[in-house]
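Asks: Residue numbers (this note's numbering), protein chains in the order written: chain H, 339 to 454; chain P, 281 to 392.
It should be emphasised that the hints constitute simulated quantities derived from the structure, not laboratory data.
Quick caveat: nothing in here was measured; it's all calculated off a predicted structure.
Be careful, since some hints might not be right.
[As the list claims (entries may be wrong)] Now the stretches of chain P that chain H is said to cover, found in silico as 3 or more residues with beta-carbon under 8 Å: (1) 322–335; (2) 361–373; (3) 382–389.
[Said to hold, decoys possible] So these bits of chain H aren't anywhere near chain P, every CB distance computed over 10 Å: (4) Pro346; (5) Glu362; (6) Ser406; (7) Ala410; (8) Gly422; (9) Gly446; (10) Leu454.
Glycine residues also receive a C-beta, built at the ideal position from the N, C-alpha and C atoms.
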Amino acid sequence: DTAVSQTPKYLVTQMGNDKSIKCEQNLGHDTMYWYKQDSKKFLKIMFSYNNKELIINETVPNRFSPKSPDKAHLNLHINSLELGDSAVYFCASSQDRTSGGTDTQYFGPGTRLTVL
Amino acid sequence: SQKIEQNSEALNIQEGKTATLTCNYTNYSPAYLQWYRQDPGRGPVFLLLIRENEKEKRKERLKVTFDTTLKQSLFHITASQPADSATYLCALDMDSSYKLIFGSGTRLLVRP
Numbered sequence: 339d340t341a342v343s344q345t346p347k348y349l350v351t352q353m354g355n356d357k358s359i360k361c362e363q364n365l366g367h368d369t370m371y372w373y374k375q376d377s378k379k380f381l382k383i384m385f386s387y388n389n390k391e392l393i394i395n396e397t398v399p400n401r402f403s404p405k406s407p408d409k410a411h412l413n414l415h416i417n418s419l420e421l422g423d424s425a426v427y428f429c430a431s432s433q434d435r436t437s438g439g440t441d442t443q444y445f446g447p448g449t450r451l452t453v454l
Numbered sequence: 281s282q283k284i285e286q287n288s289e290a291l292n293i294q295e296g297k298t299a300t301l302t303c304n305y306t307n308y309s310p311a312y313l314q315w316y317r318q319d320p321g322r323g324p325v326f327l328l329l330i331r332e333n334e335k336e337k338r339k340e341r342l343k344v345t346f347d348t349t350l351k352q353s354l355f356h357i358t359a360s361q362p363a364d365s366a367t368y369l370c371a372l373d374m375d376s377s378y379k380l381i382f383g384s385g386t387r388l389l390v391r392p
């Protein structure tokens, strides 16, 4: 059984388009995240939701909008895509320390976004 | 703000040797520090966690040390194998927030 899944795995699109990436976790975790990994492999957090509530919102353009319909799902919608948005986007989940966890991240397989 | 540095972009060693990877941080000591492995085209996978009151942690051929005085963690792989070739990331917590900060990773290549 896949713990953290993302769709699609690859996404190729034109500049200016709007796209979404979906994420689901079946680990029963409270917290979910979106990370961006650029070409230099640096993994940077973008957003985090805890029990459907946004708790981390890093300096990310407001073209990026996360949505968490329930604590097992966290989607990422991107408007007006730009060339610089090309990267691998990882979803992750964790059981946070306030509920006995250690914030250990369980990552999805990643979505490689290419903006042409 | 907290910064993490991982030594050398790439580490190239002979099979059977011990690989030692370094993770240094700059500011306050985290409650714990974690190590992850990332293979090309895949998401990072959690390997080990060490708490601030622990000096050393082991798991099979892996060993992690944590020196809060030096603000450093060392990650060792003994009897390395070509299958250990991957990028290894260290990550530490940001105080009481839900956020982990990741280092840029060290790419390990184990030659047969």
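Asks: Look at each hint and say if it fits the structure.
Replies: These are the hints, each one checked on the structure:
no.	hint	result
1	322–335	holds (count 6)
2	361–373	holds (count 4)
3	382–389	holds (count 3)
4	Pro346	holds, 14 Å
5	Glu362	holds, 14 Å
6	Ser406	holds, 14 Å
7	Ala410	holds, 17 Å
8	Gly422	holds, 19 Å
9	Gly446	violated, 6 Å
10	Leu454	holds, 20 Å
Figure legend: structure checked against the earlier numbered hints; the only hint not met is number 9.
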